[in-house]
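Colleague: This is what each chain is made of:
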Amino acid sequence: MVWLLGAALVLNIVMIGALLGLIAVEGMRAFWPHPIEQVTLRTGERFLGVPVREEAFEVSAQRKRELLARVEAGEIAPETTASDGRPMRRLYRIGNRDLGQQPFRWVEIENLESAERPDEAVFVERIAWGVFLGVPEAVVLQTLAPAPLDAEGSPMLGAPAEGTVDEDGATIRLTRELRRIEVEAGVFEPFVVTRRYLAEGAAETMRLLRELIPEAAQRREHLRGLRRSKIGPINAAMTHLRERVTEAEIKLQRAEAGGARSTPAVVWFGALAAAGALVVGVGRASRRARKSGRRPTPLAQMLSHAGVVLAVGLVLFVWLERPVGGSMTPERYDHIVADAAARQAELEVEYDAVAAEIEEVREIDSQFRVIIRDPAADRFAPERQSTPDEPMRISQIVRTVQPNTLSAGDRLGLYLARWWEFIADDPREANTEGGVFPVIFGTVLLTILLTIVVVPLGVLAALYLREYARQGVVTSFIRIAVNNLAGVPSIVYGVFGLGFFCYTVGAYVDAGPSGATQLPVFQWWFLVGAGLAIVIAAGSVGILSTRKPGQVDSRGYKALRITSTCAWIAAFGIVAAMFVTTPYFHGFFEARLPDPTFGKRGLLWAALTLALLTLPVVIVSTEEAIAAVQPSLREASYGSGASKWQTIKRVVLPGAMPGILTGMILAMARGAGEVAPLMLVGALKWAPELPISLDAPFLHLDRSFMHLGFHIYDLGFQSPDSEAARPLVWASTLLLIAVILLLNLTAIMLRARVRRKMGSGHF
Amino acid sequence: MSLMTTTPVQPDAQPADDSLSIIQRIQQGLETTPEIHPALAQESSILEIERFCLWYTKAQAIFSLSMGIPRGKVTALIGPSGCGKSTLLRSVNRLNDLIDGVRIEGRMLLNGESIYDPAVDVIDLRKRMGMVFQRPNPFPMTIFENVIYPLRIDGERRRSVLVEACERALRGAALWDEAKDRLNESALGLSGGQQQRVCIARAIVAEPDVLLLDEPCSALDPIATLRIEELIHEISERYTVLIVTHNMQQASRVSDYTAFMYLGRLVECGPTVDIFQNPRLQETEDYVTGRFG
Numbered sequence: 001m002v003w004l005l006g007a008a009l010v011l012n013i014v015m016i017g018a019l020l021g022l023i024a025v026e027g028m029r030a031f032w033p034h035p036i037e038q039v040t041l042r043t044g045e046r047f048l049g050v051p052v053r054e055e056a057f058e059v060s061a062q063r064k065r066e067l068l069a070r071v072e073a074g075e076i077a078p079e080t081t082a083s084d085g086r087p088m089r090r091l092y093r094i095g096n097r098d099l100g101q102q103p104f105r106w107v108e109i110e111n112l113e114s115a116e117r118p119d120e121a122v123f124v125e126r127i128a129w130g131v132f133l134g135v136p137e138a139v140v141l142q143t144l145a146p147a148p149l150d151a152e153g154s155p156m157l158g159a160p161a162e163g164t165v166d167e168d169g170a171t172i173r174l175t176r177e178l179r180r181i182e183v184e185a186g187v188f189e190p191f192v193v194t195r196r197y198l199a200e201g202a203a204e205t206m207r208l209l210r211e212l213i214p215e216a217a218q219r220r221e222h223l224r225g226l227r228r229s230k231i232g233p234i235n236a237a238m239t240h241l242r243e244r245v246t247e248a249e250i251k252l253q254r255a256e257a258g259g260a261r262s263t264p265a266v267v268w269f270g271a272l273a274a275a276g277a278l279v280v281g282v283g284r285a286s287r288r289a290r291k292s293g294r295r296p297t298p299l300a301q302m303l304s305h306a307g308v309v310l311a312v313g314l315v316l317f318v319w320l321e322r323p324v325g326g327s328m329t330p331e332r333y334d335h336i337v338a339d340a341a342a343r344q345a346e347l348e349v350e351y352d353a354v355a356a357e358i359e360e361v362r363e364i365d366s367q368f369r370v371i372i373r374d375p376a377a378d379r380f381a382p383e384r385q386s387t388p389d390e391p392m393r394i395s396q397i398v399r400t401v402q403p404n405t406l407s408a409g410d411r412l413g414l415y416l417a418r419w420w421e422f423i424a425d426d427p428r429e430a431n432t433e434g435g436v437f438p439v440i441f442g443t444v445l446l447t448i449l450l451t452i453v454v455v456p457l458g459v460l461a462a463l464y465l466r467e468y469a470r471q472g473v474v475t476s477f478i479r480i481a482v483n484n485l486a487g488v489p490s491i492v493y494g495v496f497g498l499g500f501f502c503y504t505v506g507a508y509v510d511a512g513p514s515g516a517t518q519l520p521v522f523q524w525w526f527l528v529g530a531g532l533a534i535v536i537a538a539g540s541v542g543i544l545s546t547r548k549p550g551q552v553d554s555r556g557y558k559a560l561r562i563t564s565t566c567a568w569i570a571a572f573g574i575v576a577a578m579f580v581t582t583p584y585f586h587g588f589f590e591a592r593l594p595d596p597t598f599g600k601r602g603l604l605w606a607a608l609t610l611a612l613l614t615l616p617v618v619i620v621s622t623e624e625a626i627a628a629v630q631p632s633l634r635e636a637s638y639g640s641g642a643s644k645w646q647t648i649k650r651v652v653l654p655g656a657m658p659g660i661l662t663g664m665i666l667a668m669a670r671g672a673g674e675v676a677p678l679m680l681v682g683a684l685k686w687a688p689e690l691p692i693s694l695d696a697p698f699l700h701l702d703r704s705f706m707h708l709g710f711h712i713y714d715l716g717f718q719s720p721d722s723e724a725a726r727p728l729v730w731a732s733t734l735l736l737i738a739v740i741l742l743l744n745l746t747a748i749m750l751r752a753r754v755r756r757k758m759g760s761g762h763f
Numbered sequence: 001m002s003l004m005t006t007t008p009v010q011p012d013a014q015p016a017d018d019s020l021s022i023i024q025r026i027q028q029g030l031e032t033t034p035e036i037h038p039a040l041a042q043e044s045s046i047l048e049i050e051r052f053c054l055w056y057t058k059a060q061a062i063f064s065l066s067m068g069i070p071r072g073k074v075t076a077l078i079g080p081s082g083c084g085k086s087t088l089l090r091s092v093n094r095l096n097d098l099i100d101g102v103r104i105e106g107r108m109l110l111n112g113e114s115i116y117d118p119a120v121d122v123i124d125l126r127k128r129m130g131m132v133f134q135r136p137n138p139f140p141m142t143i144f145e146n147v148i149y150p151l152r153i154d155g156e157r158r159r160s161v162l163v164e165a166c167e168r169a170l171r172g173a174a175l176w177d178e179a180k181d182r183l184n185e186s187a188l189g190l191s192g193g194q195q196q197r198v199c200i201a202r203a204i205v206a207e208p209d210v211l212l213l214d215e216p217c218s219a220l221d222p223i224a225t226l227r228i229e230e231l232i233h234e235i236s237e238r239y240t241v242l243i244v245t246h247n248m249q250q251a252s253r254v255s256d257y258t259a260f261m262y263l264g265r266l267v268e269c270g271p272t273v274d275i276f277q278n279p280r281l282q283e284t285e286d287y288v289t290g291r292f293g
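Going down the list, the protein sequences come from chains Z and B.
According to this note's numbering, the first sequence holds residues 1 to 763 in order.
According to this note's numbering, the second sequence holds residues 1 to 293 in order.
Rather than coming from a laboratory, the hints here were simulated on the basis of the structure.
Among the hints, a few may not be true.
To be verified - In silico DSSO-like cross-links for lysine-lysine, where the CA-CA straight-line distance does not exceed 30 Å:
| hint | chain 1 | residue 1 | chain 2 | residue 2 |
| --- | --- | --- | --- | --- |
| 1 | Z | Lys757 | B | Lys58 |
| 2 | B | Lys180 | Z | Lys548 |
| 3 | B | Lys58 | Z | Lys558 |
Unchecked claim - Coverage of chain B stretches by chain Z, computed from C-beta distances (three or more under 8 Å per stretch; other residues unrestricted):
| hint | segment |
| --- | --- |
| 4 | 62-74 |
| 5 | 94-103 |
| 6 | 169-182 |
Positions of the beta carbon are idealized from the N, C-alpha and C atoms, including for glycine.
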């Protein structure tokens with residue numbers, strides 16, 4: 001028997017080890033630089049490619065026999081086939097998508113004439129269009145000038161098409177070319193394009209590129225920075241202005257439609273005075289009661305409860321019917337519009353200035369170009385696929401590598417640099433290149449948010465369930481229900497989150513209750529009155545049903561208590577109905593409609609959905625932790641004269657803290673790895689804009705985000721170029737595991753600290 | 001005695017029989033009159049128990065018990081296990097409220113005020129009584145925080161007041177010399193006897209009217225027990241002490257008055273000297289000399 005059990009354990013460990021090992025190995029391998037081969041096929045075709053992997057593929061039995069016979073006869077090399085006669089093939093990454101070729105290509109070994117590794121072959125990682133494999137040819141300084149016109153008014157070159165120029169003591173070859181360039185949409189004008197060949201030949205070109213690429217990268221970053229930190233805020237400010245005007249317009253319309261507050265002043269001031277008197281009276285009475293050291297009689301308790309509830313109702317009335325503020329007059333509206341127009345004009349001036357600066361940098365940037373030629377197609381890498389005659393700008397290059405000349409140290413450096421890029425950069429090329437920084441950020445932020453939501457919620461629920469609720473059929477039922485919630489498929493939570501949070505709560509936050517459910521003011525206050533009455537009744541019945549000291553519940557008390565609970569539930573229902581039907585609330589983002597702000601998938605709803613998903617974990621572990629706090633400590637606390645809440649706060653919660661943190665860790669681990677609900681409630685394949693920013697409110701909970709789990713799925717199964725994405729899938733998986741591990745480690749360290757602080761580990 | 005094996009008889013089935021001993025009567029569920037020494041009546045009572053009954057759900061644990069606890073004296077409750085001593089003690093500060101299904105009848109008066117009156121604030125009531133339990137139960141906090149816990153929850157924030165109260169309580173619990181240098185260390189690092197003295201300090205820090213000790217030495221070794229007993233002796237000069245104990249020697253050493261309980265009923269109650277040396281009932285003598293129970 002012991003062998004069976006041991007074997008089961010070993011099997012489990014082996015499976016887990018295999019899983020982690022595979023991910024680690026494949027993930028670590030993803031960015032290792034491979035050589036470039038100059039492939040010559042038997043057909044005479046030649047191309048450059050990076051060998052990715054080899055495999056045997058299935059063919060007919062006859063062909064296998066044929067191949068084996070040829071191998072035996074020595075006609076073809078043994079490595080052409082697998083031992084069973086299946087032919088081998090090799091996958092080459094050939095890139096150069098902008099030259100119109102598939103970026104990966106299978107080559108049967110049989111067709112392979114030769115594969116050499118030329119030193120000059122270069123692997124170019126670019127901002128767009130994926131990698132380019134080629135041979136560096138020249139660095140070009142390209143300038144534009146309007147073409148001079150000849151006597152008949154047609155453009156001309158004005159100088160020989162080819163020549164040399166002496167600059168800084170060196171003779172530089174240059175070419176001139178007449179070209180019509182689109183200056184505005186549909187308007188073409190003649191220009192002379194002059195190209196100075198600053199460097200020619202592979203070695204020279206690479207040497208110069210090493211200097212120019214960092215400069216170009218700086219320009220690229222500068223442009224990006226201008227767009228992000230200057231244009232972005234200006235656009236945001238303009239949107240904000242438009243929203244302000246729209247908002248004022250809506251308010252004006254509403255004011256003109258007679259929606260203004262209509263309470264007579266006498267009634268309003270009466271309500272204000274009554275609210276004040278109630279607050280003061282109840283406050284005094286409760287202070288007096290506290291001083292006397294005796295419990296107030298049930299009647300006094302009921303009166304003070306009713307007083308508090310009424311005061312809340314009156315304050316609500318006084319606030320909602322406040323006579324000043326909120327209403328819009330035509331004068332104010334005109335003022336706002338004029339103000340907005342003036343500000344808009346200022347912003348436009350600012351915008352033009354930034355745009356001019358951008359144009360300037362772009363112009364410089366577009367001068368520096370590099371010719372890298374694909375020897376197979378005899379074409380160089382173009383700036384755009386649509387402009388095959390324009391060599392690409394240097395700023396389009398992220399990195400050039402000549403992998404066939406790299407030393408081991410260079411390889412390692414490159415490997416680390418690629419990892420860093422992967423972790424710190426934004427994704428490019430439909431996520432198949434670049435980094436995953438926004439993805440990591442989204443994952444971590446989401447996990448933190450969900451933890452912030454789920455832990456207090458779960459702890460409060462568990463506290464009520466364990467400390468306050470009367471243990472009985474109902475609590476057992478709730479416990480079973482909570483445990484079952486943990487087993488609900490997560491996609492169900494996703495559907496719920498989308499339907500309830502995004503489209504119901506979110507729409508409410510945006511636009512307030514829909515017109516169909518809104519009640520007229522008078523009827524709504526009637527509803528509020530009913531709600532207050534039920535709350536007063538529920539509280540009073542609850543006070544009456546309080547057990548007398550040293551007595552057990554008679555049947556009558558039980559009935560009262562059930563009545564009270566039902567009344568509280570009804571009161572909850574009425575409060576919900578009040579929200580749904582209020583005529584006072586029109587949404588926080590009315591001016592942005594019909595574009596939803598919170599009424600769509602976003603970070604907040606994703607965090608809430610995952611919080612709901614992980615709630616059972618927290619509740620169960622917190623309940624267990626609370627139950628495990630030694631009864632003798634509770635008795636000591638009660639015996640010292642502590643109230644229930646003091647005991648919970650000072651003895652139960654600290655004692656249960658490690659258990660609560662265990663629940664938190666489990667919730668984080670579960671939440672961070674969850675994908676299915678996120679697909680529905682907020683994770684996007686492409687959302688490089690981080691959900692935090694420097695402008696208010698800093699944390700943009702309405703934004704969509706990227707998530708590692710979803711990213712892996714997207715890379716693996718939704719990618720346009722699955723071969724290119726393949727290593728990234730492994731790397732992302734490794735990262736996801738690392739992120740979860742890191743979050744958990746942090747939490748575990750926190751728990752260890754708490755335990756140490758508790759002075760002993762026996763909790 | 002082989003009385004424990006006697007089959008209980010239905011009280012209705014058999015008329016009262018004067019020939020039965022009080023223990024037999026109790027075992028048969030008959031009404032009994034406790035033997036209360038007149039010396040007790042001359043003391044002024046801080047706590048008056050009047051016809052007090054208590055049920056755990058259906059099972060009755062205390063049967064119409066009446067006695068007074070003399071002010072400023074140490075009163076010991078003795079009796080075999082399950083006789084309701086601890087239950088009685090926990091009824092005094094209403095710690096039994098925490099248990100579901102506990103029902104009481106009769107009255108308890110603290111300084112003439114009913115403990116079980118609905119208008120009594122139970123928190124306030126417990127603040128006037130310190131309690132020490134069988135097993136040392138210090139909180140997982142520092143010694144200082146443990147001792148001043150009752151003041152903390154009372155809202156006392158002034159550091160000087162807390163420090164002074166802590167010293168006074170620790171001196172009162174005879175722990176000051178051992179603990180004064182390690183006030184900020186965890187109380188869980190102390191020995192069992194020291195922990196129990198921390199609990200005593202915690203119980204007396206708020207200057208309670210009554211100190212309730214529920215077998216405070218049962219989990220301690222003889223030396224620690226001795227120290228605690230000396231301590232109780234010292235404390236008794238300032239507080240009224242009600243102590244539950246299993247240990248006859250302890251009862252005779254520390255208490256001024258002793259009450260002997262059996263199966264939820266009071267059997268005999270009087271000055272400790274009388275109870276131990278000159279009890280009125282044979283059963284009491286049997287119990288205190290260890291021949292029964």
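Colleague: State for each hint whether it applies.
Modeller: Hint check results:
1. Z:Lys757 with B:Lys58: Violated - the C-alpha atoms of lysine 58 of chain B and lysine 757 of chain Z are around 44 Å apart, more than 30 Å.
2. B:Lys180 with Z:Lys548: violated (44 Å)
3. B:Lys58 with Z:Lys558: It holds: about 18 Å lies between the C-alpha atoms, which stays within 30 Å.
4. 62-74: violated (count 0)
5. 94-103: holds (count 9)
6. 169-182: violated (count 0)
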